[in-house]
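*Asks:* Residues per chain, in single letters:
Number of protein chains: 2
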Amino acid sequence: MQTFEHDTMEGILFTDMYQLTMAQVYFRAGQHERGAHFEHFFRDYPNYGAHQAGYCISAGLEWLLNWMRNAHFRDEDIAYLRSLTGRTGRRMFEDDFLTWLRANGSFEGISLRAIPEGRVVHPNVPLTSVQGPLAMAQILETALLNHVNFQTLVATKAARIHESGRGRPVLEFGLRRAQGKGGNAGTRAALIGGADFSSNVGVSQVLGYPPKGTHAHSLVQIFTSLGLGELEAFRAYADMYPDDCTLLVDTIDTLHSGVPNAIRIFEELRRKGHEAIGVRLDSGDLAYLSIQVAKMLDEAGFPLASIVLSNDLDELIIWQIITQIREEAPRYGVDADKLICRLVYGVGTRLITSAGDPALGGVYKLVAVQADGSWVPAIKISESPEKTPNPANKKAWRIYDRRGKATADLLSLEDEDPRQMKRVMLRHPSDHTKYRLLADNEVSEIEPLLVDVLREGKLVYDLPSLDAMREQRKADVSRLDPGVRRLVNPHVYHVSLTQRLWDLKQGMIGTALQQSR
Amino acid sequence: MQTFEHDTMEGILFTDMYQLTMAQVYFRAGQHERGAHFEHFFRDYPNYGAHQAGYCISAGLEWLLNWMRNAHFRDEDIAYLRSLTGRTGRRMFEDDFLTWLRANGSFEGISLRAIPEGRVVHPNVPLTSVQGPLAMAQILETALLNHVNFQTLVATKAARIHESGRGRPVLEFGLRRAQGKGGNAGTRAALIGGADFSSNVGVSQVLGYPPKGTHAHSLVQIFTSLGLGELEAFRAYADMYPDDCTLLVDTIDTLHSGVPNAIRIFEELRRKGHEAIGVRLDSGDLAYLSIQVAKMLDEAGFPLASIVLSNDLDELIIWQIITQIREEAPRYGVDADKLICRLVYGVGTRLITSAGDPALGGVYKLVAVQADGSWVPAIKISESPEKTPNPANKKAWRIYDRRGKATADLLSLEDEDPRQMKRVMLRHPSDHTKYRLLADNEVSEIEPLLVDVLREGKLVYDLPSLDAMREQRKADVSRLDPGVRRLVNPHVYHVSLTQRLWDLKQGMIGTALQQSR
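Which chain is which? The protein sequence lines are A and B, in order.
Each residue of the first sequence is one higher than the one before, starting from -18 at the first, in our numbering.
Each residue of the second sequence is one higher than the one before, starting from -18 at the first, in our numbering.
Isolated chain A, as found in the complex (with noise of 0.2 Å):
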């Protein structure tokens, strides 16, 4: 592909038509140039079917940061714009909107509130919270929604399946059957949520975390067609990463050829001195043959070497062999707890895919516009009441309880401050007969979210390192209730408005159905 071929594919063009043909009519009113506040939130966990997670964790926003700070209509895409005709051949732009866009066209009039990468977050909260000039508002839109609700799917699954894991070390296996080039956000994406390494080289070296990987069928198949079979494939890949070495024993037949070969391996590698790390087991009846390998291994000598599991992992599979491993490893003599703590998940495309919910329903919205100089409440209705977004500038808080554990996200109005509140009213978004009142002394803690990171398009914000995105994550995840963190029918979090938000929106919804009618 050539390089203009990119440029052209994942530069301000990577967006969707009408948000160009929108900017135009905008433009021709006039309003392009005015203050407008949108807000990125989604209304649902993801539900995988069977299981559905109970938070998601939040991850992409660096990379959309990253995608703002080059993306601007060059000479090429304005040339392109005006290229474009309708069907009765009369062009789609108009010079006097392609020469602002030209001159406007970047995100430099852009300030945005995020919630930073790693979180803990909940359906409603604004991810990212978005003011600036309509126009580029508006095209900002399908950009950050592909890169935030891409990455927080991932993030989410990965922090599930680390969960099921208890855990131990996850590695992030997916680039084969991920989507494109998206795979490298998958990449990113899982290593925040909760895979511990990953085997794609190349964003792996972006990221600073070395990349993991043992070796393919395909080692022991090319030394068995040149008449030398395991034993000697095994020996070769030990030869070479004496310190460093994981055979994958499933090959031939797991129980009869691979783990005695391997083990025969490990006590060579032991007399020159060596470790091995272990074995990964690819297909089968992974808690079953785990179970085996185990007492192989130990009753060899070997009772410290790591058994890697792989063939389409999820957390509800991992969880599924942990349960069978307790249940069964007694039977044949062999300690469940230690053998869950050798355990390593190597997870490729049921983490990549989100696997159940291949996508984060997240949207963007319209709260306010500038008016006089002052921001202006704006709603959408909708015919079912939980669907209709909350208005006006926000800031968005989360309330920990005398335990320490989080209770509820509280959105409030922009000149609101819970901490100053002798007592919090918690309103349910949208049915009137829920609520809660908290006393301060239920209280430990109240904490914003939202943290100023573009300053009309200057970055104010301190970027975490992935380490400390992962960090967060653990804290954040750590501070749930065990309700919530279940794989299964988790326990619902409470997302609420203040009592002003609550008669904001009221209001506004009864005044927006008066008109329409």
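Hints were generated in silico from the structure; no laboratory data involved.
Check before you lean on any hint, since a few could be wrong.
[Stated by the list, open to error] Covered by chain A, according to a simulated footprint, are these stretches of chain B (three or more residues, beta-carbon under 8 Å):
1) 8 to 14
2) 119 to 126
[What the hints assert, rightly or not] Ranges between beta-carbon positions, derived for each pair:
3) R68(A) to R147(B): 13 to 23 Å
4) A420(B) to V469(A): 54 to 64 Å
5) R63(B) to Y381(A): 39 to 49 Å
6) N292(A) to Q495(B): 22 to 32 Å
7) G265(A) to V432(B): 30 to 40 Å
8) E57(B) to N292(A): 32 to 42 Å
9) E248(B) to L444(A): 46 to 56 Å
10) D412(A) to G208(B): 25 to 35 Å
[Unchecked claim] Not the full set, but computed from the structure, chain A residues with beta-carbon under 7 Å of chain B:
11) M3
12) R9
13) G163
14) L347
Even for Gly, the Cβ is constructed at its ideal location relative to N, Cα and C.
Please build the complex by placing chain B on the supplied structure of chain A, with the hints as guidance.
*Replies:* Okay, now just chain B, sitting in the frame of chain A:
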């Protein structure tokens, strides 16, 4: 993102770590330049849960070739690999291997055959067939699978959506819910498979397709917030695009506000000599609403105005909408067939993510190695017979019956030509009780499927245009039996082996089993 990061993440290191560690083992064993033959194929059609594909559409080849042309080990890549260490601090890659990789680490030695993009393809038939020096043929695996798996997956979904829409236009709208930059590959695949246009501007430019779109709810919302309302928003849009005017009518109330306002604008346009395209519905009961909207448009004198439907559509939902229209339209005095012929489908999330089955399980398997100048077949025995790959250099053929319908794909040895056979024996790939003997008078045509694409790195194939791929897809789908084309529970298409290939495979399985005992 800096350019170096793009180049790093999307160049030759867009691969799995173990490809590189295995390559070094081959190097140390003196096998890195031995000829190896790998095949890429998938084992199962996508299964979306409530529905299943009966065929796939191949896609991704050209972008893979672009990647291969540019990917090579640059000094920076070598320096990075040199910096990697294992857990004891020992370097992972040694100097002699890195020197070889710097000098030889490109795909110039690779020969590649493939089934062209846009063709109907089936399980176990190689989509690509790769011969070349072992180390580089191995390193190619990840990127090859990434490109061809994902685009084939999405092209397949698009073909199904095209089928369910009865050939009415399909617009691809998925970028905001797509997988990072993978959205571009997804859009391309959607266009090959059955979408007619995309909203994705950048990739539309690169592919030479005009990007399409209507407008978003935010246009109406902005005008409403400014005190101008839906009618003014529509008027502004229509003034700007008088010949390309599609209005989104569900922001406030479809039947009581959106459609009456749209009709008023359409009348204004007509008075000025322009004809509107139509309206878009993005929420609610789309079948019911489209009947009512058709009725209103008809009565207002716009019987040809299109009705664009969107909102989490996929092939099954489109099928349900059409079924419901057929049942309900007559009740309202609306001609169902005429209505169906004015529908247009905007399909986003569920197309670009292949909702229901978000990954194609394509694999890359060694089928032969070169020894003393000739190719020796290789095999990998699996515990499930149907997972044992078919060994040896092969050709792939499509056999058409007397009706001109494809009746089977046939894998043969390299030196076989079923066109020369009086009778063709079709053996099931793993079940010895299943076979079929075709006399030549039962066959109307036998067509080779694989074309030479790269010969030792040199492109020897005229890459078809996207239009040609689309034509090929239409032709191939029309030559499928209707049972295979079904959206739900399709008939199983036969993929068979010649008698000689069957014999070779069984002989190799027998030998391998004997050796492993």
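*Asks:* Evaluate each hint against the coordinates.
*Replies:* Checked hints:
Beta-carbon proximity to chain A at under 8 Å applies to 3 residues in the region 8 to 14 of chain B; the threshold of 3 is reached and the given coverage holds. Here's how the region 119 to 126 of chain B fares: 4 of its residues keep a CB closer than 8 Å to some CB of chain A, so the rule of at least three is met and the hint holds. Distance hint check for R68(A) and R147(B): the Cβ-Cβ separation is about 22 Å, which falls inside the suggested range of 13 to 23 Å. With their beta carbons about 57 Å apart, A420(B) and V469(A) fall inside the hinted range of 54 to 64 Å.
Look at R63(B) against Y381(A): about 48 Å separates their beta carbons, and that is inside 39 to 49 Å. Here the CB-CB span from N292(A) to Q495(B) is close to 27 Å, well matched to the stated 22 to 32 Å. G265(A) and V432(B) have their C-beta atoms about 38 Å apart, which keeps the hinted 30 to 40 Å range intact. Our hint of 32 to 42 Å for E57(B) and N292(A) holds, since their Cβ atoms are close to 34 Å apart.
In this structure the supplied range 46 to 56 Å holds for E248(B) paired with L444(A), their Cβ-Cβ distance being about 54 Å. At about 31 Å, the CB distance of D412(A) to G208(B) agrees with the hint of 25 to 35 Å. The interface hint given for M3(A) is met, as the beta carbon of that residue sits about 5 Å from the closest beta carbon of chain B, less than 7 Å. Interface restraint check: R9(A) against chain B, minimum CB-CB distance 6 Å, threshold 7 Å, status holds.
Hint status for G163(A): holds, given a least beta-carbon distance of 2 Å to chain B, under 7 Å. At its closest, the beta carbon of L347(A) sits 5 Å from a beta carbon of chain B; the interface hint therefore holds under the 7 Å criterion.
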